[in-house]
Structure formats: structure tokens, C-alpha cells
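A.B. asks: Place chain B on chain A using the hints.
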Amino acid sequence: MQKDTRRLPRTQGACAPTGVAAAILALRTVGKLFAGRLITATVAAAALGPLLLVLAPQQAQALPAFARQTGQNCVACHAGGQFPELTPYGRMFKLTGYTIGERSLPLSMMGVLTANKAKVSDPAVGKPNDGSLIFNTGSVFIAGKISDRVGGFAQITYNNYDSQNPDTGAWAGHAGSDNLDIRYADHLIDANRDLVYGFTLHNNPGMQDVFNSTPAWGYGVVPGSTGAGNGATPMLDGGLGQQVAGIGAYAYWNKMLYAELTGYRTGNGMFSFMTQGNGTQNFIKGTNPYVRLALTKEWGPHNAMIGLTHLDVRQYTDQTDFSGPTDHYRDNSIDAQYQYLLDPYTVTATVTRIHETIDYGTIGQPADSVNSMRAKASFIYQAKYGASLSHFNMTNSMGLESKGWTPEVFWTPVQYVRLGMQYTSFNKNEGVVDPRDPTLMLNGKDNNTLFFYVWGAY
Amino acid sequence: MKTATITLVLGLAAIGAGCTTTLERSRNLADPHVSAKTLAQQVCSNCHGIDGNSVSPNFPKLAAQQEEYLVAQLNQFKSHRREDPEGFEYMWGISRRLTDDQIKGLAAYFSAQKSVTPGPGNPKLIAEGKKIFDSGLPAQGVPPCSTCHGDQGQGNGQFPRVAYQHSDYVIKQLTVFQRTNERPDGVAMKAITHSLSDQNMAAVAAYMQQMPAK
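Chains as they are written, first to last, in this note's numbering: chain A, 104 to 561; chain B, 134 to 347.
So that you can see chain A by itself, here it is in the shape it has in the complex (with noise of 0.2 Å):
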């Protein structure tokens, strides 16, 4: 959800937009009631968790906008209720334009409340990575059916640890534009045929997509969580989210084969609305492709996918002039994913293998090439207890490696909200510099952090 930082300083941008600013002020405040050490963290789960329970309503007809358009729970469309990740029918309901259901208020909201401690934290940085409870990001959605086969759904995030003043070492707030899909689609079935196709106008290569082997919805996707650490991500894995403006056209045939074509460009002018709030806005030339096929198998409770990506980029070097040359970004990605469904147990495993190669346009500077090898398996138990292990691999030719692993346990006492705990154990984790000695790196074991999180919608 939230975008990747790693190819463009972060800067403050534009104002939040005016209509979420109440819903702003309300996280600053729940983020400041929040504060405190991962102890506190832990008590206050023990505490909310049942306060939760008498809250919620058991049986009611669902959580966001979407789960209130179509009456339905969100084990429906996710995954033993484990959003963002979709099941068959989510799949369905995402590629048939989130029309299905009757139109209602098309307002959600999200909140995360997170706690990192890592092994060596850094002084400098403070709350964010000393165990303290912070409010880290929380977004409003617009969400919903607009016609019979128009709708979709536009995400503004606040992320409350924005920026670092670097004299005061205090941080800043701020909201901007996150994923964003508006789509039309229509669906060509009876008992001879069955062709859903549609076009999509979004912001974040891979967002579109419905499975949950692509980095935008199945890796690290809890905000504020460790991810792949400081290893270096392919522009497939984030790296032009919110910073672009994609049109695609897809279909899907027989519920066996899936294939997507896509053009990005850069996301200013009239698509800004698309990128506002997100920082310096990343420059890339004309339109890039991105194609996407895969092969989809549904047996009794069990459902298969594996598939291609190909997204191919070519970003100015110098951001500033838009007649000189460009870093050519290509990226070639196998992705499979399988799942169990039958209730009460939901099995998910995907595994996602991208490379990438850069050629640069400064003459003279060598290539380089970016592998990103991530796999995760989760369990769940009646959409309430879950565990999952994942594992990431990221090796390049940047000095920017990291690989490690990430088991993780959670719970979703109601369906609106999940608590989890992460642990992850970084067998390499390059370029961090050790806060205790400026000259020294970290070894990969000192990144090692241990992460809480709350993680509520409504």
C-alpha cells in the first residue's frame, strides 16, 4: 500500500486534499494517544482485542465500501479474510469492474497502528524503529460501483511518519494519492462462452493485477512492515507507484487464460490527480508497456496460477531534461501462486521471481541487473488465526543485497480488524550504516526486527 522510496528522495508535496483533512486530524490525534514501547503494544492488543469483539457486530453485512455494495462478508472476495489477498470471487469481482452489488456509500476508511524494534535501531531515527506503538499511516478510500460496468476505487493515504526534519529530527505528517483503479468491464458468458474483458485507468504497474503473487498486493503489504529491508526492488516491485498513469486493456477467457497490455506514462498534467502528494515527481519518457499473461486452474477446493510480466521502462536520467537521454529499465518476472479454500482452512502459496536489467543513459556506466526472488505461504484457521512464513531474496549488482525470512502470526477477532506480529531475520541486509559508528555497516543480523501491527477498516 504504501509506495516504494528507494528511486526518489522524498519531499513534502502538495497539501493534503481539503476533504480529508478532518479525517487527518482525527489519525494525528489517535497516532499521539497511541504512543509508546512495543510492551505497551502488546498490552494494549491484549486490551483491544476482546474491547473489539464487544464492539463489532458478528454478523454484520461487511466492512468497507465494497463488502456494504455487495452485502457480502470480506471472506467473500479475501482470502480467509486475510485482505488484501483475493479469493476466485474476489478475482471476479476486481475484474468485472467492481460492479457486482447495488451502488452505496462509496467511503471507507483504513488505520494502521505498528511497532518496529529493530535489533540495533537507530537513535536518530526514533519512534519508528525503537519499539514504540505509533499511528503509522491511515487512508480514506472512495470506493463502489458507479454503473453496470463502470467502478472502482481511489485511496488517499496519510502516512504519519512522512519525513524526518533533519536539524530537529522531528517527523512530519503528510498525506498523498495511493493505488488508484477505475475500470469498465463487461462479461460475455453462457453456457458456450465466457469472456471477461475490460479496460483500467491506475497509477502503480502491478495494482491491477489479482493475484497475490504480485509484489503490489502480495509481499510486505502490511504498511510500515520490514519488507525485503534495504535491499535494492525492481521497478515492478513499487517502484512507479503513484508516479504514473497506466491504461490497459485485459481479458480474461474461460477462467483459464489471463492477458493484460498496459501503457504508463508519466503521471502529471491531467493525470496528477493520480500522483499528487507523493513527492518529486519521477519522469519517465513516452509510454512503457507492461503485458501480463497467465494460466489459471480451479479444481475442487484448490485453484492454480502461474504467469509472465514483462514491463519495460524508460526513466530520464537527468529529471530535469526531457531531451536528454534515459535509464532503460527492463522487467521480466514468473509468477505462480496456489490456493486451498474449504472452510474452515485457507491455504495460500505464491512464489514471484523477478530480473531486471538497467542500461543507463550517462555513456560510460556499466549495466546493472536487479534479481528479486520472494515466496510466502500462509495458513488460516476459520478467517480468524493465521500464520504465514515468507522468504526474500534480493541480489544485484548494486551492493544493495538483502535476504532473509519473515514468519509471522495474526489474528482477525472481527473481520474489520487484524492484529499480527512479524519477526524478521535478515541473513543479509546491505548498506545500512551502523548508528553506533558512522564508519561501520550493519551486519545483517543487527537489522533483525521484530514488528506489531494493528490493522483496522471500516
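No lab work stands behind these hints: they were computed from the structure. Since we're looking at a predicted model, the values are computed, not measured. Careful, some of the hints might be misleading.
With a cut-off of at most 30 Å between alpha-carbon atoms, the simulated DSSO-like pairs for lysine-lysine come out as follows [said to hold, decoys possible]:
hint: 1; chain 1: A; residue 1: Lys358; chain 2: B; residue 2: Lys247
hint: 2; chain 1: A; residue 1: Lys548; chain 2: A; residue 2: Lys531
hint: 3; chain 1: B; residue 1: Lys237; chain 2: B; residue 2: Lys170
hint: 4; chain 1: A; residue 1: Lys358; chain 2: B; residue 2: Lys170
hint: 5; chain 1: A; residue 1: Lys400; chain 2: B; residue 2: Lys323
hint: 6; chain 1: B; residue 1: Lys170; chain 2: B; residue 2: Lys264
Distance ranges between label pairs, derived from CB positions [unchecked claim]:
hint: 7; chain 1: B; residue 1: Arg214; chain 2: A; residue 2: Val512; range: 36 to 42 Å
hint: 8; chain 1: A; residue 1: Leu398; chain 2: B; residue 2: Gln273; range: 47 to 53 Å
hint: 9; chain 1: A; residue 1: Leu396; chain 2: B; residue 2: Pro271; range: 55 to 61 Å
hint: 10; chain 1: B; residue 1: Arg214; chain 2: A; residue 2: Ala352; range: 43 to 49 Å
hint: 11; chain 1: A; residue 1: Leu398; chain 2: B; residue 2: Arg312; range: 39 to 45 Å
hint: 12; chain 1: A; residue 1: Asp471; chain 2: B; residue 2: Ser168; range: 56 to 62 Å
hint: 13; chain 1: A; residue 1: Ala480; chain 2: B; residue 2: Gly290; range: 21 to 27 Å
Think of the CB as a built atom: it goes at the ideal place given N, C-alpha and C, for glycine as much as any other residue.
C.D. replies: Coordinates of chain B only, in the frame set by chain A:
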């Protein structure tokens, strides 16, 4: 920029076109003008299959199901009288605005489909299940299933067809009847399932999944 402008205009035109009401392939569950056949194809088929032969055992097979039974179930979902978890998680919302005509139309659509078996099961379990289905378990006070559901499991009016039903779904519903009051309109099944063991349920469900039906 010119290309982008043209693309955006075309995109908005497409969205504009999409804003018009298109009853033929609508997924609007609150419009009484959308035909039952359209709803079956555009919405129900996502889980139950275009011909009512669902792939996942999480969702019951509706093909060739008794029309009267389907009408009753949809009305029970709509009125929240049926409240087994999968019922309210999925079907309360789907059924909340359906009209009587749409409910009748959906029942007619699925009852007219041809049912096919989801697949074979354990032969030993199936043989054990056939005995229970045909003869009951007199020592446990369990009557033969065939008494109400038909000798071929074809059902009869308010008594559902069970032939070719997913065994996992059958087990789940037998458990709901036995251990909860979440399906009050099927209260007769509570007494019938009272003394069924897990093994009995698995056996009769395995038989139903592959049993011959007319």
C-alpha cells in the same frame, strides 16, 4: 500529450457509455428489471458455475436442484432465517434485494440445468454410505435418507436433491443441522442427524457425491 489527451477522452467516453443502464449483462442486484437469467450468469455463476455445477465444494451444486427448495432457501437467506456462516457471509447480501419474480426465475434457471458428479470417492466409504442412504441406521434411530430425498437422491419439492452434491458441502450441512439451530426451516434434519457419527456423515456424503440420479 496529444496522444494522452485522445486516450483520456476515449477512456472517459467508454466510462460514459458504461454509465448507461445495460440490463442485458448487468450485475446490479438491486434492480428488479434485471432478469433472473442475467443474474444467474453475471453473479451466481462466479461461485455456482454457469450451469449450476460448482467447482469448489465451498459452494453447493445447484444444477437440477428442486425448484421449490431453491425458492425456499433464497427466501430464508433474504429473511435471515438461514444463518449458517457461509449462508450469511455470502448469501444474505446477494439475496437482500431480490424480488419474488427474480427468486422464482433463479430457481427455475438452476433446476433446469443438468447435474454432473464432482468426481469419484472412496469405494468402501461409498458402500457404507449407500447402506445408510437406503436403509438408515435403525439401531441409532436414523431413517433412510431415500425416504424424503428419493431413491436416486433426486429430491422432492421442499426436500433437496442430494445426488451429485459435493461431499464436503453435505458434511458441512449435516454438521450445521446436528450441532446448531442455524437452519430452523430444516429442523426435521436435527433429529435425523442427532446420532450420526462423523464417520456416518462422511460415508453418506461420499455416496451422495457419486450416486446415480435420474
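A.B. asks: Look at each hint and say if it fits the structure.
C.D. replies: These are the hints, each one checked on the structure:
Using a Cα cut-off of 30 Å, the hinted pair Lys358 of chain A and Lys247 of chain B holds, with the two alpha carbons roughly 21 Å apart. Between Lys548 of chain A and Lys531 of chain A the alpha-carbon distance is near 7 Å, which keeps this suggested pair within the 30 Å criterion. Between Lys237 of chain B and Lys170 of chain B, the direct Cα distance comes to roughly 11 Å. Compliance with the 30 Å bound is thereby established for this hinted pair. A hinted pair counts as satisfied when its Cα atoms are at most 30 Å apart, and Lys358 of chain A with Lys170 of chain B qualifies at roughly 20 Å.
For the suggested pair Lys400 of chain A and Lys323 of chain B, the alpha carbons sit about 37 Å apart, so the restraint of at most 30 Å is broken. Distance hint between Lys170 of chain B and Lys264 of chain B is unfulfilled; the C-alpha atoms sit about 39 Å from each other, more than 30 Å. Range check, Arg214 of chain B to Val512 of chain A: about 37 Å between beta-carbon atoms, so the 36 to 42 Å window is met. Taken as a hint, the range 47 to 53 Å holds for the pair Leu398 of chain A and Gln273 of chain B, whose Cβ atoms sit roughly 48 Å apart.
At about 59 Å, the beta-carbon gap between Leu396 of chain A and Pro271 of chain B stays in the expected band of 55 to 61 Å. As the Cβ distance of Arg214 of chain B to Ala352 of chain A is approximately 45 Å, the hint placing it in 43 to 49 Å holds. Restraint check, Leu398 of chain A to Arg312 of chain B: a C-beta distance of roughly 41 Å satisfies the suggested window 39 to 45 Å. Take Asp471 of chain A and Ser168 of chain B: their Cβ atoms lie about 57 Å apart, and the range 56 to 62 Å holds.
Distance hint for Ala480 of chain A and Gly290 of chain B: a CB-CB separation of about 47 Å, inconsistent with the stated range 21 to 27 Å.
Going down the numbered hints, you'll see the structure goes against 5, 6, 13, while the others check out.
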